[in-house]
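Asker: Residue-level listing of the chains:
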Amino acid sequence: MKVTFKIWRQEGPKDQGELKNYEVDGLTEDMSFLEALDHLNELLVLKNEKVIAFEHDCREGICGQCGVFINGRAHGPHDAITTCQLHMRSFKDGDTIIVEPWRASSFPIIKDLIVDRSAFDRIIEQGAFISSKTGTAPEANAIPIPKDIADKAMDAAACIGCGACVATCKNSSAALFTSAKINHLNNLPQGKAEQHRRVVAMTAQMELEGFGSCTFTGACEVECPEGISIVNIAEMNTRIFKSKIFG
Amino acid sequence: MTLDSKIPEGKLEDKWRNYQVRSQLINPANKKKLNIIVVGSGLAGGAAAATLAESGYDVKCFCYQDSARRAHSVAAQGGINAAKNYQHDGDSIYRLFYDTLKGGDFRSREANTYRLAELSAPLIDHFVQQGVPFAREYGGTLVNRSFGGVQVQRTFYARGQTGQQLLLATYSQLYKMVQAKKVEMFPRSEMLDLVVIDGKAKGIIVRDLVTGELKRYAADAVVLATGGYSRVFRLSTLAIGCNGSALWKAHKKGALFAAPSFTQIHPTALPQTSDAQSKLTLMSESLRNDGRIWVPKQQADKRKAHDIPEEERDYYLERRYPSYGNLAPRDIASRAAKERIDAGFGVGNLKNAVYLDFKYAINKFGLETIKDRYGNLFSMYKKITGIDAYKEPMQISPAAHFSMGGLWVDYELMTTIPGLYAIGECNFSDHGANRLGANSLLQASIDGYFILPNTINNYLATEVQKETPTINHPEFIKSEADTKAHIDRILAINGSKTVDHFHRVLGKVMWQECAMSRNKLGLEKAISEIKTIKDEFWNDVKVTGTDKELNTELEKALRVADFIELGILMCKDALEREESCGAHFREEYQTEDGEAVRKDEHFSYVSVWQYDKGDFKLHKEILEFEFVKPTVRSYK
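Sequence order for the protein chains is V and U. FYI, the numbering for the first sequence is 3 to 249, going by the working numbering. FYI, the numbering for the second sequence is 68 to 703, going by the working numbering.
Just chain V, with the same shape it has in the complex (with noise of 0.2 Å):
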C-alpha cells in the first residue's frame, strides 16, 4: 500500500512550521498509523534526514499520550478511538494523509507533531485529590457507595487525558477534562469533604491556563476515545454554583 503524508514540521517552539510531503511504500492494512509512521522515520534516517518526533508510548489506548490530527480529525476518521488504534485499513491505497499536531494555544508545540499538556497537570495539582496521608484509610467496606454512583464516578474517571477534547474545540476549552475529573472524586463519598474547593481551584487554573470557555456543541464528546459525556460539564456547571453557594 502506498500513501502520501503530509506531515507538520517544526523545529522547535519558536520556528516557522510546515507541512512536508512524504510518499510511503510498503505499508500494509494490518498496520498501526504509528506502526507507518516508524516506517517511514526508519526510511528517513536511512536517507540521513531527521525523524519526524511524534509522541506514543502504551499503543494500547489507554496512556493517552499519542494525540495527532489526521485529515482534521482528532486521532483519526473513526469516533471513540486513540490514534495508536487507528490502522491502515481505514485508509485507501494512493490517498493523501494530512498530519498535524493538536492545535490550542495552551498545547504549545515543543517539535513537530509534540505539544506541551503540561498544563494539565497543574489542573489535576489544583484539587484533583482527597487530602489523606498514606496509612490512615478506614476499612474499605465501612463507607459503601451504591453500584450506580461507583459507575458514574468511574465512567467520568476513565479520561485518559490525552487532549483531544480542547484540540478539537473551537474555543480550546479543557471544560470536559477537568469536569470528568471534579465528577469522579465530587461523586464518591471520599471526595465530598473538599468538593467545592476542588471546582473552584481547578476551574480557576484551568482558566490560568489560557483553556477558552464552553459553549457547549458538544465537539469534545465526539472525539473523546473514551465517550466522556458532556453531561460531565453540564454538572460541573452546577457545582461551580454550588460551591458559590455552599464553599
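Keep in mind that the hints were calculated from the coordinates and are not lab data. Quick caveat, the model's predicted, so the values are computed rather than measured. Take the hints with a grain of salt, since some may be wrong.
As the list claims (entries may be wrong) - So, partial list: chain V residues that the calculated Cβ filter (under 8 Å) puts toward chain U: (1) 61; (2) 87; (3) 112; (4) 122; (5) 123; (6) 128; (7) 139; (8) 159; (9) 160; (10) 186; (11) 207; (12) 245; (13) 249.
Glycine is no exception: its CB is placed at the ideal position from the N, C-alpha and C atoms.
Got chain V; can you put chain U on it based on the hints?
Answerer: Here is chain U on its own, set in the frame of chain V:
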C-alpha cells in the same frame, strides 16, 4: 560477596512488625534536610515519591513521559489482589502468600512474599480512600473476581482499567505533594547514569529529552522505580518507551542483578500479524474466567471456528489441567498454547493463535452480563482486529510481559549499593519464577506506599549527619563525561542500519531462545549471536539528528544498546539454571508428558549476577524455606 537479605527474626506473621519496631526513626526536623531522588512515576515510583514527601522528605521525581499519568502501570487491566476474604470463600493472608510462593515455583523469598500478602488488605483500604472507583455490588460493598492460578475470589477491579485507576489515584497523590512544594517533578527526563560516591548512591545523570542537555542531580538516596525490561524482546506487551537503561547503568555501577532470565509470557495477547509490528496488545486475562480456550483437533484446520463441531474441538487446558482448566497459571497456559501452536494446531492467518470462546458464557449468563464484565475489552478487540468477539471467538497468543527478575534487593528493598533502592517491577523480590495474576499492581503499590517509606529511614538515619555531595564532586563530573562520550560514540558511527533493525534482530533471537522454552544449545547460540549483534550495532548503526535537541531516534539507540548487553546476561542466566521452574522451562528438564522438572537440591537459590568488566560473575542467595515445604507444583 555476601548477600545479606536482612530478613527479620520471628514467625512469618511477626517479621514485618519486628522489623518496624527495631528500625531507626528520623525526627521530622531532620527529614526536611534530606533529599531523595525517585526515578519513575508509576505505581511504585509515584507512590514512593508522594509518601516520602508526606513524611517530610524533599523529593525529586523523574519520568521519561510528558506526565506522570502516562506511566505504564496505566495499562494493567485485570485487577489487584487483596486477602480480604470478602467473598467468604476461605481466603486469608496465608493463602495469598502460599499461592504466590507456589505460583512462583518456590523461587522467591518466604519473608518478602508473606509481607506482600500481609499488606494487601490495608492497601485496598488505602486505594478506596483515595477515590478509586472499584466495582461494587448494588448494596455498595466491593466485588471480587478470581484470576489465573487461584481458586478464590480475591481480585479487586475497576472494569478492565484497574491499573489506570490505581495509577491515576497515585498520580493525584503525587501532584498533591507537587502543589505542597515537597515533590519536584521532572517529566521528559531520562536517567542515563547512577553516581556512586564512596560506595554509596548519591545522585544521577539525566538527559533532558527536550533540549538534550545532560544534568546532574545529587541526593542522599536514590530510588529506582523504572518498571520491567521485557522490551528486550522488542515485541512485548510493554509500552514502547519502557526500557532497562536505568537498571543497566546501576548494574554496571555495582548493583547486582537477580534472576534476569525470568520473564513472564502472558497467555492472552493479540497475535502478531506482521514483521512491521511494534508491540503486542494485551487482553486482560480476566477473560479466562468466562472464556474457554480451544484449538481444532485437526492440524491446519482451514474451517472457520463456527464450522468446527463441538466434538472436533480440543479444550486443551481443561483436558490437561482438569482442576484449574482455563484458569491455569500464566506460564502453564502460555506453554500449553505454544505446544499446540508448534504442533500445528494454531489458528488465524499466521497459525500463531488459539481461540478464546465466549459462546458458552453468553449462553449461560446472558449477553448483558458479559458486556458488563468485559465490555471495554471486547470493544478494544474489535478496534484492533475488526472482529466482533460476541459473535465469534477471539484469537489470542502468548507474548512477553512481566520481568520477574531485576535488581537484587534485601528485605529493605535496598540493592547491593548502599543508598540505592529498587521497587516495583524493577526489583526481583516477590514473584519468584512466575508472577501470579493481579500481583503486579499489588507489589508495585505496597513497595511504594508502605515498605520503602519505612525502610529508607533506617539508612538515612545514618546519613542525616553527613552533607549531601554537591554536583561538582569529581564523581558527578566523571559520570557526566562518560555519558556524553557514550552518546557521542553512537552518533559518530553513522552506519547503514537503523536502530529498529538491531532491535528486531535482537528481539527475534531472544524470543526464539530465551522465552517460553529454552535449551542449552539454543542459549549458547543466542549468546554468540547477540555478541555479533553488539559488534554490528557499534559499527553500523545510524542515528540522525544531534544530541542537543529532542531526538527520539537517539533515545531509542541508547536503550537498544543497553538491551543488547542485558540480553546476553539473560541468556547466561537461563543457561546456568539447569532445571525447569515457573516461566523458566529448560527443555532438557521435563517429564514424559511435558511438565516442568524442578531441581530443588541444586537450584533452590536466587541467581545474582555481578558485572565484571564486560562479563558476569554468579553469586547465589540460597532460599531457605522455614515455614513452607516446597512441593511439586501441580494444577492437574
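Asker: Could you run down the list of hints and mark each one as holding or not?
Answerer: Hints, one by one, checked against the model:
1. 61: Hint on residue 61/V: holds, closest Cβ of chain U at ~5 Å, below 8 Å.
2. 87: With a minimum Cβ separation of about 5 Å from chain U (threshold 8 Å), the hint on residue 87/V holds.
3. 112: With Cβ-Cβ at 6 Å, under 8 Å, it holds.
4. 122: holds (7 Å)
5. 123: holds (5 Å)
6. 128: Given a least distance of 7 Å, the restraint on residue 128/V holds.
7. 139: holds (4 Å)
8. 159: Given a least distance of 5 Å, the restraint on residue 159/V holds.
9. 160: holds (6 Å)
10. 186: Since the shortest Cβ distance to chain U is 7 Å, the answer is holds.
11. 207: Since chain U brings no Cβ nearer than about 10 Å to residue 207/V, farther than 8 Å, the hint is violated.
12. 245: It is violated, given that the least Cβ distance between residue 245/V and chain U is near 18 Å, above 8 Å.
13. 249: violated (19 Å)
Going through the hint list in order, the structure does not satisfy hints 11, 12 and 13.
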